[in-house]
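*Asks:* Sequence:
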Amino acid sequence: MLAKANRITRGEDYRATVRRGRRLTTPNAVLYVRRNDTTPTPRFGFIVSKQVGVAVVRNTVRRRLKALCAEVRGDLDPHSDIVIRALPGLDSMQWPELRSSLQQALRERAGA
RNA sequence: UGGGUCGGCUAGACGGUCGCGUCAGCCCGUGAGGCUGCCGAGGAACGUCCGGGCUCCGCAGAGCAGGGUGGUGGGUAACACCCACCCGGAGCAAUCCGCGAGACAGUGCAACAGAGAGUAGACCGCCACGGGAUCCGUCCCGGGGUAAGGGUGAAACGGUGGUGUAAGAGACCACCAGGGGGUCGGGUGACCGGCCCCGCUGGGUAAACCUCGCCCGGAGCAAGGUCAGACAGAGGACGUUGAAGCUGCUCGCCGAGUCCUCGGGUAGACCGCUGGAGGGCUGCAGCAAUGCAUCCCCGAGAGAGAUGGCCGUCCGAAGCCCGCACCACGGUGCGGAGGGACAGAACCCGGCGUAUCGGCCGGCCCAUUCA
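Under our numbering, think of the first position of the first sequence as -6, with each following residue one higher.
Don't read these hints as lab results, they were simulated from the structure.
A hint or two may mislead.
Capping the alpha-carbon separation at 25 Å, the derived lysine-lysine pairs in BS3-like fashion look like this [what the hints assert, rightly or not]:
id, residue 1, residue 2
1, Lys59, Lys43
2, Lys59, Lys(-3)
3, Lys(-3), Lys43
Can you make the complete structure from the sequences, with help from the hints?
*Replies:* Next up, the structure:
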């Protein structure tokens, strides 16, 4: 899981990352990565819209994303803001497949 | 034992591993730091449909309009909720159901069918009378009488039997059903029961307008408050002959700003924020909902949103699928696989409505068996 220090908590940072960050699209998610020299550790944010599912489903999706991000946190560039937008269908992916595909994408975009 | 009905409880368990949030304490090399400890989603947290608390609107004004509500009595902070009872309907019963005021205040509505649908109505039929025809059975025409019969319909102006009559009819009679009036008794009441009288005898719709009783000021935690910070004004309209606001309108109150266009700026922190109509045991009052008293307990409080991710073991009904055995060819038994619902707090309560794989417990009713 991710501590608060590893989370993006301001709407301004979300908007900046989504608008000006580099983008990588996978079948069920979109990654946005933006360099941020002011932070000593990578920060993550998640966008899960109501199209993905009801509140319980959205919560589960977000928690799984947090878990897989925490695993690769040390491998990434510490000066990164990363926003993951979940797309409909992400909720039905199996855990090994979800983890490998998104962790690969993260290393590709934001590797140290 | 089988079936039914009502209610309550519960919402997979254990372990491993990696973690998260509030609060408290401690540590250091003081920072987006580390360690330890406590606690950390639901019966519906959901929908946001009602009712309140709380906050602001000047103190919460009057009338109209508007909205809500609708058997009676009680409970409650309050309700559209709950309890008990009444009436009507369903059921052998337990029990369930009714958006339960008023259809002699008024206005309206009712498709199709049918002769006729609200002041009832003569299509067929029945009946006597007058006229005509006749194969002497009857038939035709005319103006009448008649609501017993046929047929239509959701519904046709009480039902059955008789008297009566040309044929008929509450025209009259008996009984039954309903209505109205009087009176007596029971009940706080809705209402119920007895007796007497009146032949008085069609109904639906008020989730159509409407009438009556009762209730309702408005906006909402993005309420509201404190602190910090940013900016840049310009033009126009109305206004002490009363603006804005309280309320949609009128009255009344108040008393100086308000609105529009263009341009510019901020959307941070803290409080509100969880101890409350709170929960539990026992006792008392009450048929009950519930109330009162003593004692005990309190354990989410985020703010891009914590309460979890992954793995393993055990347990898990039916249907479907696979294998084996039996078979009366309908299936049955055993084993395997599979199978864990609905759903996530955001100011807080009380309800209602809706979603839901299952499990456990209890009350009552009916049937059957035994004693």
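*Asks:* All the hints need checking, so say for each whether the structure fits it.
*Replies:* Hints, one by one, checked against the model:
With a CA separation close to 18 Å, the supplied pair Lys59 and Lys43 stays within the 25 Å bound. Proximity of Lys59 to Lys(-3) is assessed by CA-CA distance (about 11 Å); at most 25 Å being required, the pair is judged to hold. Annotation: proposed proximity of Lys(-3) to Lys43 holds, straight-line Cα distance about 24 Å (limit 25 Å).
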